[in-house]
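This is what each chain is made of:
Protein chains: 2
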Amino acid sequence: MKTSKTTKPLWSESAPPAGTFRSIAKYGDPRAFKHPSESWVRMMMQEFDMSEADFRQRRDEGLAPVVLGRPSRLSADQLGALASIVGDKNVAADDYSRTKYASGKTAEEILELRSGVVREVADAVVHPRSKQEVQKIVALCDAERIAVTPYGAGSSVNFGCRPYAGGISLALGTHMNALLEINETNQVARVQPGMMGPAYETALQQAPERFGCKRRYTCGHFPQSFEYSTVGGWIVTLGSGQASTYYGDAYDLVFSQEYVTPAGSFRTIEAPATATGPRINDIMKGSEGSFGILVEATMKVFRHTPENRARFGFMYPTWEAAVDASREIMQGEFGRPAVYRISDPEETDRGLKLYGVPGFADPLMARLGLEPMRRCLCLGTVEGDRDYTRLVSRKVKEVAKRHGAVSLGGYATKKWERTRYTEPYMREDLNDFGILIDTLEAGVTWDNLHRLHQGVRAFVKSRPRTMCMTHASHFYPQGTNLYFIFLARMGLDEYVPFQAGIIDQIVKHGGTLSHHHGVGRMLAPWMEDHLGPQQMAVLRALKRHFDPHNVMNPGGQLGLDTIPPRR
Amino acid sequence: MKTSKTTKPLWSESAPPAGTFRSIAKYGDPRAFKHPSESWVRMMMQEFDMSEADFRQRRDEGLAPVVLGRPSRLSADQLGALASIVGDKNVAADDYSRTKYASGKTAEEILELRSGVVREVADAVVHPRSKQEVQKIVALCDAERIAVTPYGAGSSVNFGCRPYAGGISLALGTHMNALLEINETNQVARVQPGMMGPAYETALQQAPERFGCKRRYTCGHFPQSFEYSTVGGWIVTLGSGQASTYYGDAYDLVFSQEYVTPAGSFRTIEAPATATGPRINDIMKGSEGSFGILVEATMKVFRHTPENRARFGFMYPTWEAAVDASREIMQGEFGRPAVYRISDPEETDRGLKLYGVPGFADPLMARLGLEPMRRCLCLGTVEGDRDYTRLVSRKVKEVAKRHGAVSLGGYATKKWERTRYTEPYMREDLNDFGILIDTLEAGVTWDNLHRLHQGVRAFVKSRPRTMCMTHASHFYPQGTNLYFIFLARMGLDEYVPFQAGIIDQIVKHGGTLSHHHGVGRMLAPWMEDHLGPQQMAVLRALKRHFDPHNVMNPGGQLGLDTIPPRR
Numbered sequence: 080m081k082t083s084k085t086t087k088p089l090w091s092e093s094a095p096p097a098g099t100f101r102s103i104a105k106y107g108d109p110r111a112f113k114h115p116s117e118s119w120v121r122m123m124m125q126e127f128d129m130s131e132a133d134f135r136q137r138r139d140e141g142l143a144p145v146v147l148g149r150p151s152r153l154s155a156d157q158l159g160a161l162a163s164i165v166g167d168k169n170v171a172a173d174d175y176s177r178t179k180y181a182s183g184k185t186a187e188e189i190l191e192l193r194s195g196v197v198r199e200v201a202d203a204v205v206h207p208r209s210k211q212e213v214q215k216i217v218a219l220c221d222a223e224r225i226a227v228t229p230y231g232a233g234s235s236v237n238f239g240c241r242p243y244a245g246g247i248s249l250a251l252g253t254h255m256n257a258l259l260e261i262n263e264t265n266q267v268a269r270v271q272p273g274m275m276g277p278a279y280e281t282a283l284q285q286a287p288e289r290f291g292c293k294r295r296y297t298c299g300h301f302p303q304s305f306e307y308s309t310v311g312g313w314i315v316t317l318g319s320g321q322a323s324t325y326y327g328d329a330y331d332l333v334f335s336q337e338y339v340t341p342a343g344s345f346r347t348i349e350a351p352a353t354a355t356g357p358r359i360n361d362i363m364k365g366s367e368g369s370f371g372i373l374v375e376a377t378m379k380v381f382r383h384t385p386e387n388r389a390r391f392g393f394m395y396p397t398w399e400a401a402v403d404a405s406r407e408i409m410q411g412e413f414g415r416p417a418v419y420r421i422s423d424p425e426e427t428d429r430g431l432k433l434y435g436v437p438g439f440a441d442p443l444m445a446r447l448g449l450e451p452m453r454r455c456l457c458l459g460t461v462e463g464d465r466d467y468t469r470l471v472s473r474k475v476k477e478v479a480k481r482h483g484a485v486s487l488g489g490y491a492t493k494k495w496e497r498t499r500y501t502e503p504y505m506r507e508d509l510n511d512f513g514i515l516i517d518t519l520e521a522g523v524t525w526d527n528l529h530r531l532h533q534g535v536r537a538f539v540k541s542r543p544r545t546m547c548m549t550h551a552s553h554f555y556p557q558g559t560n561l562y563f564i565f566l567a568r569m570g571l572d573e574y575v576p577f578q579a580g581i582i583d584q585i586v587k588h589g590g591t592l593s594h595h596h597g598v599g600r601m602l603a604p605w606m607e608d609h610l611g612p613q614q615m616a617v618l619r620a621l622k623r624h625f626d627p628h629n630v631m632n633p634g635g636q637l638g639l640d641t642i643p644p645r646r
Numbered sequence: 080m081k082t083s084k085t086t087k088p089l090w091s092e093s094a095p096p097a098g099t100f101r102s103i104a105k106y107g108d109p110r111a112f113k114h115p116s117e118s119w120v121r122m123m124m125q126e127f128d129m130s131e132a133d134f135r136q137r138r139d140e141g142l143a144p145v146v147l148g149r150p151s152r153l154s155a156d157q158l159g160a161l162a163s164i165v166g167d168k169n170v171a172a173d174d175y176s177r178t179k180y181a182s183g184k185t186a187e188e189i190l191e192l193r194s195g196v197v198r199e200v201a202d203a204v205v206h207p208r209s210k211q212e213v214q215k216i217v218a219l220c221d222a223e224r225i226a227v228t229p230y231g232a233g234s235s236v237n238f239g240c241r242p243y244a245g246g247i248s249l250a251l252g253t254h255m256n257a258l259l260e261i262n263e264t265n266q267v268a269r270v271q272p273g274m275m276g277p278a279y280e281t282a283l284q285q286a287p288e289r290f291g292c293k294r295r296y297t298c299g300h301f302p303q304s305f306e307y308s309t310v311g312g313w314i315v316t317l318g319s320g321q322a323s324t325y326y327g328d329a330y331d332l333v334f335s336q337e338y339v340t341p342a343g344s345f346r347t348i349e350a351p352a353t354a355t356g357p358r359i360n361d362i363m364k365g366s367e368g369s370f371g372i373l374v375e376a377t378m379k380v381f382r383h384t385p386e387n388r389a390r391f392g393f394m395y396p397t398w399e400a401a402v403d404a405s406r407e408i409m410q411g412e413f414g415r416p417a418v419y420r421i422s423d424p425e426e427t428d429r430g431l432k433l434y435g436v437p438g439f440a441d442p443l444m445a446r447l448g449l450e451p452m453r454r455c456l457c458l459g460t461v462e463g464d465r466d467y468t469r470l471v472s473r474k475v476k477e478v479a480k481r482h483g484a485v486s487l488g489g490y491a492t493k494k495w496e497r498t499r500y501t502e503p504y505m506r507e508d509l510n511d512f513g514i515l516i517d518t519l520e521a522g523v524t525w526d527n528l529h530r531l532h533q534g535v536r537a538f539v540k541s542r543p544r545t546m547c548m549t550h551a552s553h554f555y556p557q558g559t560n561l562y563f564i565f566l567a568r569m570g571l572d573e574y575v576p577f578q579a580g581i582i583d584q585i586v587k588h589g590g591t592l593s594h595h596h597g598v599g600r601m602l603a604p605w606m607e608d609h610l611g612p613q614q615m616a617v618l619r620a621l622k623r624h625f626d627p628h629n630v631m632n633p634g635g636q637l638g639l640d641t642i643p644p645r646r
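Sequences listed follow chains A and B, in order. Under my numbering, the first sequence has 190 at position 111, and the numbering climbs by one with no breaks. Under my numbering, the second sequence has 220 at position 141, and the numbering climbs by one with no breaks.
Note that these hints are calculated values from the structure, not bench results. Be careful, since some hints might not be right.
Only part of the chain B face toward chain A is listed, based on derived beta-carbon distances under 7 Å [as the list claims (entries may be wrong)]:
id	residue
1	Glu-337
2	Pro-341
3	Gly-343
4	Gly-414
5	Asp-466
Derived lysine-lysine pairs resembling DSS-like cross-links, with alpha carbons at most 25 Å apart [said to hold, decoys possible]:
id	chain 1	residue 1	chain 2	residue 2
6	B	Lys-113	B	Lys-493
7	A	Lys-587	A	Lys-540
8	A	Lys-494	A	Lys-113
9	A	Lys-480	B	Lys-293
10	B	Lys-480	A	Lys-293
11	A	Lys-293	B	Lys-113
12	A	Lys-113	A	Lys-480
13	A	Lys-480	A	Lys-493
14	B	Lys-210	B	Lys-168
15	A	Lys-476	B	Lys-293
16	A	Lys-494	A	Lys-432
17	A	Lys-87	A	Lys-432
Derived, one-sided and incomplete: chain B residues facing chain A with beta-carbon distance under 10 Å [unchecked claim]:
id	residue
18	Ser-151
19	Ala-329
20	Gly-411
21	Asp-464
22	Arg-465
23	Thr-524
24	Phe-554
25	Gly-558
Just so it is clear, the structure is predicted and the values come from calculations on it, not from any experiment. All C-beta atoms, glycine included, are put in the ideal place defined by N, C-alpha and C.
Construct all of the structure, not just a fragment, from the sequences and the given hints.
Structural data, given as structure tokens:
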């Protein structure tokens with residue numbers, strides 16, 4: 080039953096040349112690639128009316144060297160003052176550095192970079208070596224009215240690290256990236272903000288060898304950007320990891336924090352709970368660099384027991400059944416799975432194609448009442464104590480069966496685990512052939528879930544030849560997160576207003592403006608309406624307090640001040 | 080082996096006469112009493128060097144009628160304006176009302192009331208009927224610079240409802256006390272702030288009959304003051320219920336809130352999680368009436384399955400063993416008990432006396448290595464799904480046994496459940512015979528627990544004839560709460576500085592200033608040192624934003640402005 084083989088597209092398989100725009104735009108490891116499967120290519124050709132020829136010619140590859148032609152606006156005195164704090168080697172004002180540390184991974188900025196367009200950049204990039212240096216830098220910048228835009232690992236998808244007002248990019252990952260201490264008694268780890276996910280997790284897992292601990296630990300936070308994001312970034316943008324349903328969101332994982340702000344430096348109370356007024360520890364979370372710089376975080380950690388991990392997978396006959404079962408599981412009071420996700424019919428069927436499910440599977444599923452464009456994939460894991468993982472697995476299975484699901488065992492989840500961090504790599508390939516891919520996501524209560532899903536899909540599907548895959552991940556007793564993935568052959572001129580339309584639909588149908596991507600500058604224009612003027616005024620009052628001269632990540636971040644125009 | 084019977088003390092067994100100070104000072108139901116057991120009386124006589132005669136003569140009973148002799152400072156126009164909002168019947172300016180709604184249950188104010196001393200009172204008590212009325216009241220009071228001190232059910236133990244600057248007491252429990260809606264899909268309940276614990280819980284349990292729900296629900300929040308506290312009070316003071324180890328603290332139970340402040344009214348986002356900047360929903364929690372008035376709360380609720388509740392009890396050989404086992408349980412990743420408490424040796428032994436453990440128990444325990452003034456009682460429950468409660472019970476038992484504990488079965492917990500809300504009633508009896516009882520509590524990490532326990536005990540025990548019973552309750556993977564109970568024959572002149580000394584010790588030894596009692600005015604003098612000036616400045620910036628004219632609970636609350644002198 081095999082269909083005729085498509086000629087393999089002309090995938091790029093070489094690391095972007097140093098100094099090029101592509102080297103900034105490309106996701107992750109420069110030498111790592113992940114190409115769409117053959118059946119996906121066939122699907123795209125059909126869906127987007129593309130020919131094989133369309134996959135033989137890469138476009139806007141961004142292979143030109145980065146040249147800005149915009150001199151730094153910092154004075155020699157200012158640059159000298161910065162260098163005197165961090166050392167000459169840790170101040171860079173070359174075009175490439177300024178561009179690199181001004182760029183995140185927003186679909187729009189990736190496409191612009193590929194065509195050599197650079198929006199705002201900082202006048203210099205500064206790499207602090209310690210929190211004491213950050214203090215001096217913030218004091219200097221506050222006094223000199225130099226904007227400070229923090230940069231973690233640059234995986235922002237909303238222009239969060241774009242230095243709209245110039246000044247400096249503060250690169251926290253270069254030096255401030257160590258795990259300082261594991262307190263095994265309290266099960267917390269003190270970490271610098273610029274530490275990358277894998278280094279952090281590895282250090283925790285190697286706690287006995289590295290810190291003389293009795294046990295191994297895990298951070299419990301595994302966003303898709305895990306390999307290219309920092310602990311500090313997780314906190315200040317309110318990220319969520321793929322296992323958040325058990326471990327909690329970044330918000331929940333923070334035990335205490337230390338901040339440097341123009342209004343002073345402080346460490347929040349170290350206690351499991353306190354009733355001493357509104358919790359400063361929580362007020363700072365999600366501040367996206369607008370209040371000050373997170374210079375140290377003490378994070379909750381968990382026992383690392385991969386040997387206990389249980390995996391499950393189900394195919395539900397319908398989206399409604401998958402949602403109902405998931406709600407039942409989350410409200411069941413028998414513990415929670417760690418990873419838990421359900422894909423809507425479009426994502427399920429396209430996912431099956433992406434991962435090349437064998438030809439015999441389809442008729443088999445049909446026989447079981449699991450029909451294409453109706454069936455929904457669910458996958459997940461249970462972590463923790465061995466008896467606990469067994470109990471929760473059994474309970475999840477019971478609920479699933481009651482809702483008509485067919486168990487797939489752990490196969491799908493194992494497959495997903497192997498690719499969980501590599502999917503962003505496909506963007507280069509898609510972009511190379513003019514296909515735009517982007518995502519938006521929203522927190523939503525159970526009673527708004529279908530409305531939101533349908534509302535967004537109706538809008539997206541009103542444009543012909545546009546894919547819209549949705550999954551729910553990050554579950555709570557009160558609701559979940561809907562994650563929308565869009566693919567289309569579309570240029571930015573069309574996409575930017577189209578994306579705005581989708582965001583309008585999200586808010587209109589009861590989703591939050593963001594569940595775990597943060598706000599940045601991209602979602603800023605919606606903030607005032609979304610929170611309402613009274614609550615925006617609270618955020619602005621905090622902003623004024625911490626940063627009276629508006630030097631901390633100014634220019635629209637969180638919608639706190641003037642929001643820059645998009646295009 | 081029974082010792083000679085003590086003559087029964089002259090316990091008061093009549094409801095305080097209407098209009099008297101005692102009727103304000105007495106805890107709970109005016110007609111309900113709970114007397115210390117016979118063995119407790121014997122113990123007190125021995126410990127405090129008291130004779131039977133000392134228990135025959137009640138003192139400072141507060142039986143005089145409340146007379147203030149302080150005319151209301153509100154003008155007739157102001158009183159009229161208030162009456163035009165809430166109706167004549169809902170504005171009271173009589174001495175009794177003004178005193179009652181100015182009083183909480185702080186040890187100090189109880190003793191003062193008993194001797195006819197009244198500190199600051201409001202000039203009128205206002206009973207709003209709706210959030211719209213609260214809006215009008217706040218607008219009026221802001222314009223007229225009339226202080227507004229909210230009053231829930233008056234169980235504050237830190238002068239939280241003392242109207243230091245006069246103005247009005249805003250009594251939220253009189254009318255704004257309804258459960259408005261149960262959203263079964265999202266498992267949340269929308270409730271007015273003045274609803275009392277039992278009414279709220281009963282309504283949730285009767286969800287099928289009252290709201291046509293499919294299931295019964297529980298609020299999960301059962302503080303000792305449950306019967307005389309309000310949902311709004313739980314939130315704005317950051318309370319914790321006795322089952323918080325599973326259900327979470329009040330902080331965790333709040334889904335969304337609606338506030339009326341001088342800077343405007345707003346309802347926070349309704350979503351299980353959101354990454355739209357610092358969470359206003361959390362910023363408001365713990366604001367103790369200083370930012371504005373909580374007029375509605377949407378709370379997470381849980382399936383009510385009392386048939387699944389499992390109970391356990393253990394006697395540990397030592398406090399160290401009890402603490403170690405508890406930490407192991409909380410970090411074990413197998414789910415958590417709901418109620419969980421461990422009593423230190425002094426509380427354990429005095430508790431055994433209080434509850435009259437049969438004479439044969441002592442030698443039996445000694446045979447098992449559970450010696451007086453070393454052994455520690457642990458008790459608790461597991462709630463939720465039936466298989467889950469079985470699993471967690473089994474795990475708790477396994478850990479306990481590994482740490483040398485002897486299982487007591489569910490007996491002690493059942494006994495405790497019957498008296499869990501009635502212990503505060505004993506205060507009247509103690510006070511009647513000149514015995515002061517008070518409590519302080521602190522959040523603490525595991526690695527500071529023993530230091531804090533020993534530090535407080537060393538200080539308290541440096542005063543002869545002073546009982547200090549401690550238990551840990553409200554557990555987290557990172558630590559717990561230490562709850563200290565003090566009893567002594569002591570007057571207020573001695574107690575106030577003594578209490579200050581204990582608070583100093585708490586902070587010095589790494590406890591938080593409060594774990595779940597809030598701050599009020601009593602702990603306010605420690606706030607600046609405890610949080611540090613930078614973090615106090617954050618709270619003050621919020622205060623200035625919400626309440627620029629300082630009319631919301633002014634006069635020291637949370638240490639935000641001038642802290643009134645104590646005595």
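Is the interface hint satisfied for Gly-343(B)? The criterion is a beta-carbon contact with chain A at less than 7 Å. holds, 4 Å
For a C-alpha distance cap of 25 Å, please report whether Lys-476(A) and Lys-293(B) respect it. Between Lys-476(A) and Lys-293(B) the Cα gap is close to 23 Å, so the pair holds against 25 Å.
Pairwise hint evaluation, Lys-432(A) against Lys-87(A), where the allowed Cα distance is 25 Å at most: holds, 16 Å
What's the verdict on Lys-480(A) and Lys-293(B), does the C-alpha distance respect the 25 Å limit or exceed it? With Cα atoms ~21 Å apart, Lys-480(A) and Lys-293(B) stay inside 25 Å; holds.
May I ask you to test the interface hint for Arg-465(B) with respect to chain A, counting a Cβ-Cβ separation under 10 Å as satisfied? holds, 9 Å
Under the criterion that the straight-line Cα-Cα distance not exceed 25 Å, is the pair Lys-113(A), Lys-480(A) satisfied? violated, 35 Å
For the restraint on Thr-524(B), tell me whether the closest CB of chain A is nearer than 10 Å. Hint on Thr-524(B): holds, closest Cβ of chain A at ~5 Å, below 10 Å.
Taking the closest Cβ pair, is Pro-341(B) under 7 Å from chain A? violated, 11 Å
Pair hint outcome, Lys-494(A) versus Lys-432(A) [Cα-Cα no greater than 25 Å]: Holds, because 13 Å separates the two Cα atoms, which is no more than 25 Å.
25 Å limit on alpha-carbon distance, applied to hinted pair Lys-494(A) and Lys-113(A): holds, 15 Å
Is the shortest C-beta separation between Asp-464(B) and chain A less than 10 Å? holds, 4 Å
Between Lys-210(B) and Lys-168(B), is the straight-line Cα distance small enough, at 25 Å or below? holds, 18 Å
Checked against the numbered hints above, the structure violates hints 1, 2, 11, 12 and 18; every other hint is satisfied.
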